[in-house]
Amino acid sequence: MQQFAYYPGCVAEFSSKELNATTKTLAPMLDIELLPLPAATCCGAGDIAEAKPNLYLTLNVRILSQAEEMGVDVLTICNVCTMNLRRANKMVKEDPRVLEQVNEELVKVGARPYEGTKEVTHLLWYLATEEGLSKLEAQGPRGLNGLKVAPYYGCQLLRPSSVMGFEDPDQPQSLERLIRALGGEVADYEAKSKCCGFPIILARQEVALKESHVALSQSRDAGADCMVTPCPLCHLAMDAYQRKAESLNGTEYNMPVLHLPQLIGLALGIETSVMQFKRHMVPTDNVLEIVGA
Amino acid sequence: MPSTRFDIFRYQPDVSDEYYRQEFSLEHTEDATLLDAILDLQNTQDPSLAVRYSCRSAICGSCACKTNGKTVLACTSQLESLKSEFGDDRLAVDPIGNFTPIKDLVVDMEPFWTKFKSVKPYLIPDGPPPEKERIVPKEAMQKIERESACILCAACYSECNSLAADPEFVGPAAFAWGYRFAGDERDGQRKERAKLYSGDHGVWDCTRCMYCNERCPKGVEPRDAIEKLGGIAFQEKVTRDKGARHAKAFLISMRTGGKLNESLLVPYTDPLGAPLDISFAAQMMAKGKAPSPIPHRIKKLKEVQGLIKNVKETI
Ligand code: SF4
Ligand code: SF4
Numbered sequence: 001m002q003q004f005a006y007y008p009g010c011v012a013e014f015s016s017k018e019l020n021a022t023t024k025t026l027a028p029m030l031d032i033e034l035l036p037l038p039a040a041t042c043c044g045a046g047d048i049a050e051a052k053p054n055l056y057l058t059l060n061v062r063i064l065s066q067a068e069e070m071g072v073d074v075l076t077i078c079n080v081c082t083m084n085l086r087r088a089n090k091m092v093k094e095d096p097r098v099l100e101q102v103n104e105e106l107v108k109v110g111a112r113p114y115e116g117t118k119e120v121t122h123l124l125w126y127l128a129t130e131e132g133l134s135k136l137e138a139q140g141p142r143g144l145n146g147l148k149v150a151p152y153y154g155c156q157l158l159r160p161s162s163v164m165g166f167e168d169p170d171q172p173q174s175l176e177r178l179i180r181a182l183g184g185e186v187a188d189y190e191a192k193s194k195c196c197g198f199p200i201i202l203a204r205q206e207v208a209l210k211e212s213h214v215a216l217s218q219s220r221d222a223g224a225d226c227m228v229t230p231c232p233l234c235h236l237a238m239d240a241y242q243r244k245a246e247s248l249n250g251t252e253y254n255m256p257v258l259h260l261p262q263l264i265g266l267a268l269g270i271e272t273s274v275m276q277f278k279r280h281m282v283p284t285d286n287v288l289e290i291v292g293a
Numbered sequence: 001m002p003s004t005r006f007d008i009f010r011y012q013p014d015v016s017d018e019y020y021r022q023e024f025s026l027e028h029t030e031d032a033t034l035l036d037a038i039l040d041l042q043n044t045q046d047p048s049l050a051v052r053y054s055c056r057s058a059i060c061g062s063c064a065c066k067t068n069g070k071t072v073l074a075c076t077s078q079l080e081s082l083k084s085e086f087g088d089d090r091l092a093v094d095p096i097g098n099f100t101p102i103k104d105l106v107v108d109m110e111p112f113w114t115k116f117k118s119v120k121p122y123l124i125p126d127g128p129p130p131e132k133e134r135i136v137p138k139e140a141m142q143k144i145e146r147e148s149a150c151i152l153c154a155a156c157y158s159e160c161n162s163l164a165a166d167p168e169f170v171g172p173a174a175f176a177w178g179y180r181f182a183g184d185e186r187d188g189q190r191k192e193r194a195k196l197y198s199g200d201h202g203v204w205d206c207t208r209c210m211y212c213n214e215r216c217p218k219g220v221e222p223r224d225a226i227e228k229l230g231g232i233a234f235q236e237k238v239t240r241d242k243g244a245r246h247a248k249a250f251l252i253s254m255r256t257g258g259k260l261n262e263s264l265l266v267p268y269t270d271p272l273g274a275p276l277d278i279s280f281a282a283q284m285m286a287k288g289k290a291p292s293p294i295p296h297r298i299k300k301l302k303e304v305q306g307l308i309k310n311v312k313e314t315i
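Order-wise, the sequence lines are chains A and B. Be aware that the first sequence starts at 1, since it is given in the numbering used here, and climbs by one per residue. Be aware that the second sequence starts at 1, since it is given in the numbering used here, and climbs by one per residue.
In short, the hints are calculated from the structure, not lab data. Errors might be hidden in some of the hints.
As the list claims (entries may be wrong) - With a straight-line Cα cutoff of 30 Å, these simulated DSS-like cross-link-like pairs (lysine-lysine) come out:
no. : chain 1 : residue 1 : chain 2 : residue 2
1   : B       : K242      : A       : K210
2   : A       : K93       : B       : K248
3   : B       : K312      : B       : K143
Unchecked claim - Here chain B is said to cover these stretches of chain A; the calculated rule only asks that three of the stretch's residues, wherever they fall, bring their Cβ under 8 Å from a Cβ of chain B:
no. : segment
4   : 6-17
5   : 37-44
6   : 55-61
7   : 142-151
8   : 208-214
9   : 270-280
Yeah, the Cβ is synthetic: ideal placement off N, Cα and C, and Gly gets one too.
Use the sequences and the hints to build the structure in full.
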């Protein structure tokens with residue numbers, strides 16, 4: 001059993017509960033034990049960093065230190081959490097003076113100082129390795145029955161590569177590997193690593209919806225039955241705001257968007273009620289029908 | 001001698017209004033760069049092939065272009081390593097994105113210069129000039145060192161996702177220069193700059209796609225500069241923009257519960273617009289996506305509140 005400090009992030013805990021629930025059901029099937037982090041804060045989603053950069057760094061190192069105390073690495077299911085935690089980790093690991101300053105602040109408020117020994121990984125990265133794929137195979141997946149899936153990476157799991165570094169940000173293949181291993185077909189399209197617009201969807205909605213249009217329209221034109229994403233923020237932009245994007249851009253996509261653990265769950269035969277597809281704004285009926293769920 | 005096949009974007013407005021593509025093939029030395037190849041093609045195969053270049057050594061910032069969709073400086077990109085990176089012995093070559101081509105690989109840079117000038121990329125000190133030169137401590141210059149390395153090549157604009165959706169977005173390099181001066185301790189316009197860089201098409205338009213950081217050949221990391229300009233806006237209390245309010249909602253959430261309070265985020269970011277969007281709110285609610293009005297409270301919230309109080313910003 002591989003243990004991780006589980007950091008689902010705020011969106012998966014609240015508006016995208018279906019992602020959290022599916023991940024928790026999936027993890028033990030793949031020999032993963034998710035240990036809770038009850039004192040962890042929000043990673044700041046880039047917003048705290050944009051308002052108070054030093055505070056962002058300190059808060060994220062505090063989370064890393066909690067995982068260190070538990071003696072395990074951190075597992076995430078959100079692009080933005082992954083990037084924020086990894087970036088903070090890199091900043092303190094690369095510069096002992098920075099680590100020292102951050103630790104001074106942590107100690108002052110009674111928090112545990114960080115020694116810089118832990119790593120942060122995303123569920124996708126864990127599963128897209130040979131070890132991960134063999135764990136999926138060991139489940140004897142019933143498969144996706146040729147479901148045509150458009151992989152959608154979004155931005156922050158790939159860039160900046162100096163912080164993320166799992167794969168070539170210009171030619172990512174981890175989602176494709178998983179889709180194929182699960183018996184799906186890949187719908188390839190150029191915009192799979194373009195932005196969903198979510199960070200500015202409240203402050204600059206029109207700009208954001210023009211951004212999501214690029215990947216939504218291309219995946220539709222590539223003949224995808226659905227999209228899959230490793231990020232709940234991308235999911236909100238692509239699913240919850242899809243109808244708005246349709247009306248702004250004067251077109252229709254009708255593109256169901258699956259969270260990565262839901263796609264895996266479908267292939268592994270997790271109950272659809274557990275995965276809560278009813279919480280999606282764009283109906284997923286065609287997907288469930290093709291897979292035979 | 002290795003050889004490479006090229007598939008090059010062509011546009012010759014004197015001859016035709018149409019864009020087209022042309023194949024070339026070239027033998028070259030092992031260490032030849034993309035710029036070497038383009039100039040060789042120009043000299044030996046087609047003198048009309050247009051490219052903008054000058055220094056050939058990553059200083060002038062003229063030769064940014066795309067190869068297989070990725071924006072690079074032609075003068076620092078070796079053909080053999082590009083081919084092995086893409087696993088392809090044919091390279092597609094295109095002008096940088098988000099600009100209008102004026103001939104082959106040459107684009108109209110006017111919008112870039114207009115945006116660059118709009119951030120007032122020069123020092124504006126307070127008061128009369130000093131008698132002697134101003135001595136700046138090393139640490140103060142180190143703060144703006146990365147931004148000072150910008151060569152204005154526009155590689156960071158080429159794949160900027162906000163710029164693609166909003167052509168008026170001021171953009172990464174201009175804001176890197178904005179921070180280069182807003183962060184300079186000799187400058188006297190911190191607050192004015194914070195105001196100038198907020199507002200429509202300003203820093204809060206950045207969608208954090210991170211392409212600028214990924215593509216910058218000089219390690220300027222313009223997205224980080226935009227982030228620091230956000231920080232300066234907060235220090236100077238220039239926080240009326242919806243983008244700044246969005247960030248403020250995160251700070252309030254952090255202080256009051258430690259996690260994002262979604263029921264605060266929408267109305268706080270857009271207090272005038274949010275109430276008008278009732279039908280969308282109702283749809284979200286029907287799907288169980290309505291946030292709980294009772295904010296989550298993490299364990300050891302006191303630690304977090306202490307950090308919010310204590311941690312000083314050093315932008
Ligand atoms: S920030 Fe980097 S990519 Fe952008 S113009 Fe300057 S040197 Fe070029
Ligand atoms: S991070 Fe912001 S400025 Fe940089 S390329 Fe993306 S949208 Fe443009």
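Now for the hints, and whether the structure bears them out:
no. : hint               : verdict
1   : K242/B with K210/A : 18 Å, holds
2   : K93/A with K248/B  : 29 Å, holds
3   : K312/B with K143/B : 16 Å, holds
4   : 6-17               : holds (count 7)
5   : 37-44              : holds (count 6)
6   : 55-61              : holds (count 3)
7   : 142-151            : violated (count 0)
8   : 208-214            : holds (count 4)
9   : 270-280            : holds (count 3)
Hint compliance for this structure: hint 7 alone is broken.
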